[in-house]
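*Asks:* Keeping their order, the protein sequence lines are chains A and B. Counting in the numbering used here, the first sequence runs from 8 upward without gaps. Counting in the numbering used here, the second sequence runs from 55 upward without gaps.
Hints may contain errors.
To be verified - Straight-line alpha carbon distances no greater than 30 Å define the calculated DSSO-like cross-link-like pairs of lysine-lysine that follow: (1) K64(A) - K148(B); (2) K77(B) - K38(A); (3) K33(A) - K177(B).
If you're looking for bench data, these hints aren't it; they were derived computationally from the structure.
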Amino acid sequence: MDFEQLLIYAKGGDQKAQEEILSMYKPLLVKNSMDRNVFDEDLYQELSATLLECIRKFRV
Amino acid sequence: MEIQKNMLQIRFTAYVTTAVRNKRVNYLMQKSRHSWVNMEQVDQLESLHINFEELYHRYTVERTAFLLENWRHYAEFLEMVEDRKLARALKHLKERDRMILFARLFGEESFSEIGETLQMSSKQAEMSYYYVLRKLRKELEADKNGF
C-alpha cells in the first residue's frame, strides 16, 4: 500500500493504518521527546497525539 | 505519478515536523515554568533501569535499515541525520536535488532512470547530481572554516 492510501485509511479511522504511520514517524517523535538527554514520556504522548491530529487535519 | 506520491509524503512530513516542533517548544516552555523538578520520578525511572538512549539508538539502527531498503521514505531519514551541519546543508537543497541525491545513493538508480522519473535527460540528471555533491561539499567546508 502506498503512503497516500495509508493516509486515507488512517484519516478514515483505520487503527492499523494509524499505527503504521505512528511507527513510521516514531524516530521523529522520540527525538523530539528528548529533554536534555532524558526521555520525557509525557512529551512523547503529547507528540503522538499531535501526529494523530496531523493525520486528521492534513488535506490529501 | 511517482513524484506526486513522494510529494504527498514530503508535504505530510513537513506538516508533522512543524506541528511537532511547535508542540515541543510550548511543552518545554511550560515545563521550565514549573521549574521544581520532581526528583521522585527521576529516581523511579533510574531504578527501572530503562536506558532510553539505547532503546532509541537500537530503534534508529533498525529504522535506518528499513529506510535504506525503502529509500522513498528519505524525508524521514533526513530527520534522523544527527550531524547538524549536514542536516542543514541537506535542507538547503532544492527538493528535486534531494530526490536525485537519494535516488542515486540509496535507490542506486542509473542516471537514465532518474532522468526518466524527473523528466530530464540522463545527462542532466548526472550533471545535477554532481552539482549537488559539489554544493554540499562547499557548504560543509565553509562551515568548518567558520564562515
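*Asks:* Each hint needs a verdict: does it hold in this structure or not?
*Replies:* Here is how each hint holds up against the structure:
no.	hint	in the structure
1	K64(A) - K148(B)	holds, 26 Å
2	K77(B) - K38(A)	holds, 13 Å
3	K33(A) - K177(B)	violated, 38 Å
Checked against the numbered hints given earlier, this structure breaks only hint 3.
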